[in-house]
Amino acid sequence: MKRQKTAIMTLLLGLLVCASLVFGAVTRASAQGTAPGVSGKEVTLGAWTPESGLATVLLSISQGADAYFRWSNDHGGINGYHFKFVLANDQYNPALTPAAARRLVEVDKAFAIVTAVGTPSNVAALSYISRVGIPNVGPLTGDPALTHPVRKNIFTVMPDYTTEGAFQAQFALDNLHSKSLAVIYQNDALGKSGVDGVVKLLAQRGLKAATTVPYDLGTVNFTPMIARLKASGADTVIVWGSVPPFVPILKGAQALGYQPKWLAYLFDAAPAVLDQIPPAQVSNAYFDSWVPLPSDAAMAAYREAMAKYYPQVTSSSFLPATGWALASVFSSGFSRMVAGGAEPSWSGLEGALEGMHDFSNAYVHGLTFAPDNHQGEPAEYVMKYESGKFVKVAPYMPLPAIH
Amino acid sequence: MLATLVVAGLVTGAIYALVGLGLVIIYRTSQVVNFAQGDVSTLLTFVGFTLMTQWGMPYLAAFALTLVGAFLFGALVERTVIRPVASRSPIVAVGVTLGVALILNGASSWRWGTQVQSFPAPTTATGITVGGMTVSGASLVILGVTALSVALLVVLYRYTRIGISMRATSEDSPAAELMGIDVRAMAALSWGMAAVLGATAGMLVSPAITLTPNQLDLVVIRSFAAVVVGGFTSTVGAVVGGLFIGVVESVVAGYAPADLTNIAMFAIVLIVLVFRPQGLLAGEETRKSLV
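Those protein sequence lines, which keep their order, are chains A and B. Counted from 1, the first sequence has number 135 at position 135 by the numbering used here; the numbering is strictly sequential. Counted from 1, the second sequence has number 6 at position 6 by the numbering used here; the numbering is strictly sequential.
No lab work stands behind these hints, which were simulated from the structure alone. Watch out, some of these pointers could steer you wrong.
DEER-style ranges, computed between Cβ atoms [what the hints assert, rightly or not]:
# : chain 1 : residue 1 : chain 2 : residue 2 : range
1 : B       : Gly-131   : A       : Arg-205   : 35 to 45 Å
2 : A       : Lys-152   : B       : Leu-102   : 31 to 41 Å
3 : B       : Leu-60    : A       : Tyr-128   : 52 to 62 Å
Computed from a predicted model, the values in this text were never measured in an experiment. From the three backbone atoms N, C-alpha and C, an ideal C-beta is built for every residue, glycine too.
For reference, chain B alone in the conformation it holds in the complex:
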């Protein structure tokens, strides 16, 4: 049973990681905690849903087109509502993201209704069986796509000019600007990438939990917990934190009284905040920026 719980926790944790990565990417370049990440993801998932079920597009084509739209949408949000308040206190931008969240939630309800919708699964394959335990095809897709996303991010940040420019912007924006880096473009890029990750998470998890305008509310809360544990400036931390929170949630719920699940998870978050507020895998500089 433990192995089953751990695998289920890793699959759920991969979703938390994808959403958490979006939070981290935006925080690194904009110093904004994006409370709209869940509603951006949900809205874009509905777009994918429309392409697949109403326009009749093949799954992969609709998935890819949604990601392209997600990137443009994320960049548009940055350009139209975040950039105008970027020079003001970060709390203003955080407030703006809350407003964006409410607007997008209302838009999803208005456009697609509030009833439960069925989102197509990426695969109906049975999956693999190891030691009597079956891991479904959909779960393998979630794990695979998350691994691929992390790998692409690592390559982007370490080996490409754009990625290095994004890192420079996150570490010292004025200095990066003096070096000729277009920091505004980097911010738009990061918001676009975060939207892509959010849309990916939404489209992967929806077949399992059904599609509604508020489907990701609890996922986003768990993802925040994951990012706090891993570190708000660490992409690796977001992934490790997501997987960690997913496994803890699964194992505790499997063995302990259910009320202890939340207590266990948020006790971990509190302990991390008290003893290592920058997160387990983030650098010391985060402590300063968070304070």
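Looking at chain A on its own, in the form it has when it is part of the complex:
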């Protein structure tokens, strides 16, 4: 019995020592500003992403980012540095994300997390990523928790969903002259952040939403939700959720004879999605975006790279274009860091990113980071889908201050 106890205690002690060594090595790397994930001129980057599970539609974001790094490598890299982009499948399941993050940091030895996908996933990994201190650049989420308060190692590019929701409400009131606004939203962190922004902006103007109607991801029957929207009398409906439900929501509205103006974020603006919706509804739909139109002349490199590396992925979708744009922000920060011959380091990358002020390339517009602001995009434009093409109907406009 005593021998057994001793053996168990020894085993526990051994595990504790191993864990301390692994975790200690990582945190030391952060503290000393050295660069894990850099081997000679090869830099390992990582992202968790849903390679399987409920949200695999988002995998094309990571494919867009991967295309960017492969395209960059094929064009000589940055100051001779080449990138290896490693994905960890968390199935868009926050219960699996911390393990995926640990794998990227402790096994794959990533230098930085870039374009990690998913709101619940990024929130689930937030504690670990903050503790370890590895840079997380361009996470695919607009959850305000990542940027408010500012965390020194987390740099989001896209607007947080609360701000984006407020932007949509502002556009509806000021540009579409909507009299009554309603929201239909996915009943999770993504949808709730968006509806929160709409409600806050309306409150700033002394207004209230006509109704806010949640739904679960995977819902087949949207008739009850549409009936509620219609009964509210709203002339404009803001949709907050992942891509697939956008089709049955607008089809459901058509079936019930309801034709409000629709406002949705850029991921719903996919031809494969919009081509399934009755034209009468699509003609009333507006999409806000910070990512340029994939068809823009300036996006030629993106389209060529997608055709070369991921020919099966539709490059006219905003999902891979988003991954590409986010990867370009990391790349620009990395380029600034090593421009003077400095060695890559976490603190060096953070400093380089914080030095980006009103930065634009072909893929981002007026990006600004600062020590007290790690949410980069300050503006969005609005587009419609007409005759099989996206057209801008409003130029880049500043995002409202809502926090």
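Mind docking chain B on chain A? Use the hints.
Chain B only, in chain A's frame:
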């Protein structure tokens, strides 16, 4: 509004019923809860999608060919991965179905990608209008195909030799074998039929909700609820349970706070499990087999 919600619930419930029938048919002959039913359905829906959109086959021909392929695929799954573990504890076979589900989900993502696809609708007809309420042509097709499927199953089980052999196998497999019934063939047959029902459900619902590798995840959960309510050994129970769950979901979501929808549905499931664990329309023997 109530009538609109009820009709929408019946249409959704018909999909739950088709998927649920597949679960029941397999359970009756194999005593296996098939967690791969949703992913089998999705994979076969992608096959139909390929026939219709890439091979250019007419809708009905592609639909029918997919169902033939579905039957063969279902039987193949039974023969290759279920039969080898059939003599072991049912939990082993359940674990195998989970593995099959993961493999098929990965195969769908790998072959057809993860982006949203547009599945052709069976009809673009406007449908019928009754009392100011319009029921679309696609909804009528879903209701009609479900009714036809149930009718065919009833005829099969009651009036054909094969159907009676399947019932004998489900009630007492050793005795059925002693009577000369090929119980293995009956199992393969049931897996094939379940795949056909799953493919039918997938191809009918996809035009409404878009086609992705995970489109049926929530449908399968609702279908499990339907089968628990109706009874895991009752084909009629699966249909009634499916329609019931569909209508409850629709009406509650239409009138009550949305968070109550799941609570209402699964409260019903819990009540049934506590007071009538064999389901509302199944026989008493299910209680023994479930325990």
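Each hint, compared with the structure:
1. B:Gly-131 <-> A:Arg-205: 35 to 45 Å: 40 Å, holds
2. A:Lys-152 <-> B:Leu-102: 31 to 41 Å: Distance hint for A:Lys-152, B:Leu-102 holds at roughly 39 Å.
3. B:Leu-60 <-> A:Tyr-128: 52 to 62 Å: With Cβ atoms ~53 Å apart, the hint holds.
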